[in-house]
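The residues making up each chain are set out below.
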Amino acid sequence: MSAINFPNENRIITKHLEKPDTHLIGHYESVDGYVAAKRVLNEMSGDGVVDEVKKSNLRGRGGAGFPTGMKWSFMPKDPKDAKGNPKPKYLVCNADEGEPGTFKDSLIMNRFPHMLIEGMIIAGHAIGSEVGYIYVRGEYVKEIISVEKAIDEARAKGYLGKDIFGIKGKNFDIFLYRGAGAYICGEETALLNSLEGKRGEPRLKPPFPAQVGAFGMPSCVNNVETFASVPFIIREGAAKFAAMGTEKAGGTRLFCVSGHVERPGVYELPINVNLLDLIEHCGGVRGGRALKAVIPGGASAPMLTASECNVAMDFDSLAKAGTMAGSGGVIVMDETVCIVEAASILLKFYEHESCGQCSQCREGSHWLARMFHRIENGGGTSADLDFISEICGNMAGQTICAFADAVTGPALSSIKKFRHEFEEHIRLGRCPHKHVLVAQQVEA
Amino acid sequence: MKTELNYQSYKKPVIDTPPATPEAKPTPKITIDGVVIPFQAGDTIMQAAERANAAAEIPRFCYHPGLPIAGTCRMCTVEVEKMPKLMTSCSTPAADGMIVHTQSPKVRKSRTGVMEFLLANHPLDCPVCDKAGECELQDYNFEYGPSTSRFVEEKRVWDDATTKKLSDKVTLNMNRCVHCERCVRFTDEVTKTNDLVMKNRGYKKELSATDEERGLWNDYQGCLTDFCPVGALTFNDFRFHKRVWFLDKKKSICDQCSKGCNIEVHSDQNVVERLMPVFNESVNGHWMCDEGRVSYHTAMNPLRIVSPLLKSKGASKDAALVSTTWEFLFQQLNVVIKSSKKILFIIGTDASCEEAEQVKNWSSKLAGSSVVYFNGVNGVQTSKDDGKLDHLLRMKDKTSNTRGVEALGIQPINPNQVSDADLVIYLRAGRAQLPIEFSSSAPWLLWGVWNLEEVKSVQQKLNVVGLIPGLMTMEKDGSYVNESQLKQTVTTTIQTTGHCLTVNKVIEGLWIK
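Protein sequence lines, in the order shown, are assigned to chains B and S.
Mapping to the working numbering: the first sequence position 429 is 429, numbers consecutive.
Mapping to the working numbering: the second sequence position 453 is 453, numbers consecutive.
Read the hints as simulated data drawn from the structure, not as lab findings.
Positions of the beta carbon are idealized from the N, C-alpha and C atoms, including for glycine.
According to the in silico footprint, chain S covers these stretches of chain B (three or more CB under 8 Å from chain S):
no.	region
1	345-353
2	359-369
3	396-408
So that you can see chain S by itself, here it is in the shape it has in the complex (with noise of 0.2 Å):
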């Protein structure tokens, strides 16, 4: 199933071209490199290139194929056959019938010299870089580059801008720029917000927020670090904590809200060190928001709940949750829940359709349960309340499956449901929100993803009995329907730390004690 595209896509050239006649014409086709490769009307060179995975040869630093084009950098020149001046491929439409060289001697020489040009200046002190290992200038160096600087003059230095600050998340070395642009063309044409400028021209070309005094303001300011081509825009949740050599990637989706953007993680040893947008064209595009960008915290949190609590019989409302152990936890709980006429679960739409679906087979066999869900961020009750919170990617409804949930037919909560009650079980993976709106008397169980101060709140407004920690997205296998009705399944990226358990060996271990 496909979506609209809901960010701008690489802008063509503009020229008038006369509307495509109806018949059916041969499919165009450009030779790069000797390879015959069919391209769509319209395609520069490096877009065919790109189409046929043909491209990785072509070096480049402002073409990115979510911006506009630039055509600045002069990187991505290549020979074109009959024509007398080198062209750069993301630029030059293709035609039918052209010969494209990517790597003769003097597209290498050209490249050789752009390479040296933007090492003129630029410092040569790699291993203390925080992009050192996926700079696209050291990648690049290394394939084109002059092993030897020639440059004796004085290096250009901003002393002002060597760390500086453009907002909470992002930092700038303007010594390390290239200007490229990619970050100016993301916030003019994709975030549409226009919060970077280049200021001065020429060498003293100088990248600043717009206004300096607020910084960047855009949502999706991670995304400028992602495609940042050198260490000159870091983003400071990741930004010398680790080198990139070691970090493990696998993909996994974002939960953090019904977009479901593609994502990476990049964790090392089971610690997760950043997230980063995985391209999908149905869904995410390039990007992602700042939001989900951190969202891993949530799991990484030294006060995640990771072994199981109990509240010792007879305790008062106030006293605390002690750990224990499965076992134990089962037979009480086992216990409870047979006692119980009227069990109600919970289930926050963070949690996966096969979690969900689990939980309500599991329901059906306990006489007098019943299952609903709850959303309860932003105001969202349902799937209908969900809407757009910009004209990118961020949505209202700030949990991962909803319409998963719906499609199962659970229906969302009613607050007579919660005080007819006499036990609440309420699932979730981090994300959804408690209804502690609706008051309840009604031993709770919590089970999921819980962090102390999480529980600790919301024991103050409630009988909380129990907690079973569970897992989070990445930490487990599932599927999840983003706001489009799109079922994407992710598999662990993770390995979760502590004791938490999946649902199912939950439900298993509760069956069968």
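If we strip away everything but chain B, and leave its shape as in the complex, we get (with noise of 0.2 Å):
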């Protein structure tokens, strides 16, 4: 059985997940839902607030793990045009989940969009925004409709819209985009620029979006989990949910486990937990074959090989261990994959998604994709590996977002540490797995 001692009593945002009627206003006001927010407006200030998120040592759940307390603190207190007029701030939910790998906010919007909305009430008077805007992807349609809604609930009870929980003078109010399908809009910057109806490309930092953001105004941008953790931080203490992480991570964290396990699924689990306990906690590797590699963090994360899953799922842990937490998306390999199949998978992706703007990010995704492709079907040479990392090289930290280097993360990490299956793509001229497939197929 699982190793891992975590009672689901103990889960913040999925506490209630086996109850039938989550995503309904009266269950979640049954279990002290709305309780943190009409205590935030009513008893604290939004730098009280700011400070209680601060001490949770929250950290944004979308993929850069950047303290969100930290991040609110950085929204400019009375911001004016140059006429002098105030401006106003929005605050913005990225739902935008496009990591492949990663289902947690399908998960909260389906089941728990009350929580997010909580949340964003909560950070709303935080950073004092009256109009906050959740971007949800938009193959969401499920999603889409369950936040809506429930967006419809909370208005008809007055907790958003105009004087909100009977306070005169607070206003605050979502409003729900959809996305046009683009991985690259999970960005912010890009995101935002969705928003405002143009191409969905990364901008030019700086300005970040605390100064210039949504339409101009300054902006915060936060991940649907990261929102839906806040109102637990509010109404049981920032103590409790930092004590439950390691020391500069607080809380749980959803991780969707998929691939080659037995029971896939979206996980709450201590942010610190083993990676071998939580594939472990998940029935193990599907059929009892051997593990071989593990994404741990969305697509973009570097892999690890069995070897190295000895490690905590924690920020600083997996960044020490050469890759990083991301968006939480764990996709466990067996021993029956193709690593230059599932690189050359990956890597198709990128090339389709790259939002074209920078050379090294549109030309090298696409160059990329081919050779990976093309080793695949036995077309690589002994020299493409090598040119491969050179490639990389010219790619990462080079272009205006991150998406270059999340290209080179699958391919130098696959080819650094599976080498092997490379050469022998090479030198066979055909890819081995395929092979064993069929041979076994034929056996059976």
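Reassemble the complex: the two chains are provided individually, in unrelated frames, and hints are given to aid placement.
Set out below in structure tokens:
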């Protein structure tokens, strides 16, 4: 059985997952829903909330792991335009969950939309914003319906709109914006461009969104899971939240485990859970096969080999192991997987999703995808592997956003850690795994 | 004299900087390749370098001084001391005491990388590309690029966009595009017409007209082809007419409206091949309109009349004008001028200040003669009727020197003067329109730049007795006063063909005889 001792009652977001009607406001209020929001609006100042979140060590759940309290504290207090008129501030929720292997935000929006809304109300109070946008990935039709219904319920109760919770002069409303299905729109400045109706292309930074964000106004962009963690911090106290994690990252995390495990799915566990324990928790590797590789934080994270998997899943431990915690999408690959094919598929995704602004990323992602495809299909040469490393070297760290670095993650790590497989492909002039699979099928 | 910029200048990165304190601060300085350069607050490294003319060594594709900053081509990266990564010089704000290296090995390696990426899918067929010789990709590849390509995959090819007409003026070859998006930003921010967009994303990103059926509709399409760093956008009027290294380049001004845009006349063996704008902050910025860009066709028109014409004595009104010599023309005209009591000189407002003055002086020596000016294009009578046609450059007054002629004290035309006169001499440089709405039975002498069709249509209404061929703006020295009262002087850029003479020589010829 599972090596993890983490009782279900300790879960922060998915505590009531087993109940059928968690998406309704009635159920949410019956389990202390909107208590935190009411308390914040009645008793706490914006700075007080920011301090509390800082104390909780909540780190952004979108991928970069930036401390949320610090991000909120970057928002200007009283922004003025050139004429001295006050500027509005915008709160934006990044629900463009595009990272391959990640599906936690979908769960929150489907099952706990009110937790997201309450988190946004609290965050809106903290940064002094009156308008929130939820930018939902276009493919998430069910999630969009669920969140829109929840927004309507909250509006009907007076939790959103004008004079919320009956407090005069306190306004906050949330609008849902549907994306058009671009991976790059998960990058916060590309998301803001898309929200404004422009091409979803990352912006030059500086200025950062805290200065010039949505519609040219100071904006704060956070992930769905980040917002959903906030009500707990206020309700139960920052100390309790911080105690659940490591020194530098508090709380629990939704891990999306997919690939070759017995029970793939979303699991809420302490942020510093060991990767091997996590796989065990999901029923172990499928069919009792041996583990080959794990991508621990969504497709952009460099791969870990089976021997490297004895690592805690928090941000710092994974960074030390040469990869990243990313969005929490854990992709498990067993011994039947051809790493070259897996990398080739990932690179095809990146080739398709590069926004095409920066020269290196646009041409490089295309080039790499073609090379991996060629090697997988037996057309590789021995010079290709070093050449790929050189191309990656010319791409990484030279572009506007981190997309080019994300492309080089799977490309470089797969070659570095599974070089023998690439060499085998080149030597044989074909994919050895496909041959084995066919042979097994014939035997069976 | 400086006028306000009428095009949107580059966008500075918007950072909430505190307002400048009133007390004078020492000018901030930046060190670029060992040279200390003062810069203005808000400059990026590239702008600081350009101000000091040190930017020749910083290669760029997406950066253009007249366009908002994109920072996407990553070609202009430089090494800034104490910064971990290479920085794009076009978008990094300059800071006091910054030390920048534009040619360090790290920088050159990065640029070689960018060149290799850009050339991976770019056709390597410079000899058949119209941009060859003035192609930034070609130039930078000589400087930074790898000499051979390591790209062995199949090249990306747009079959349907290899020669795609974006409009009747501009042709797109998408295979050559390096996705700098100067063109898209130009239509977004300068013309504000948004008639170009990028379709799709990543390596499939394709330039397209926003409305593919309508195509481009802005009036500055030639500019797209000027700043396109590669042969992706080419101007139909010029493409495949001439290899650019044959072109002789001389500065002039455009005479097609009262703006007086600064241009460069590109000619080969006295044949003008194209006009290109030249940067002048107080006149046209970086741009010029398409109407002006193709205006050299007036001078190069094969129907242009380049030898003196005269109607034989006693011929009927409809009789044809016949070619003659200058000597005979002068002889005949002297007779006509001396026998006329009321000569009316009409000066088209596209004549230069000097020409107008010479005609005025001549008129003062002829008893009973008077001088007026006529504009007549777009319903403009005097400079007061002038106005902007759009937010950029185009003006209502389609002649170049209305204000210069007015400054000489010459009055606008009065219909009665035309009917009173017993000889009308009308001088123009090919742009002002003939005042044919005035009824006149007097003999008319046309002077200046005319083509055969124009003369034929004029002859149907007026009694044209002779034609004195004159010179276009680019064929003579002269000064022109533009809409903001700025006097600009140009020199001869091409020699005229045929027997055309300057105004001065014609007056001398007539006076001496």
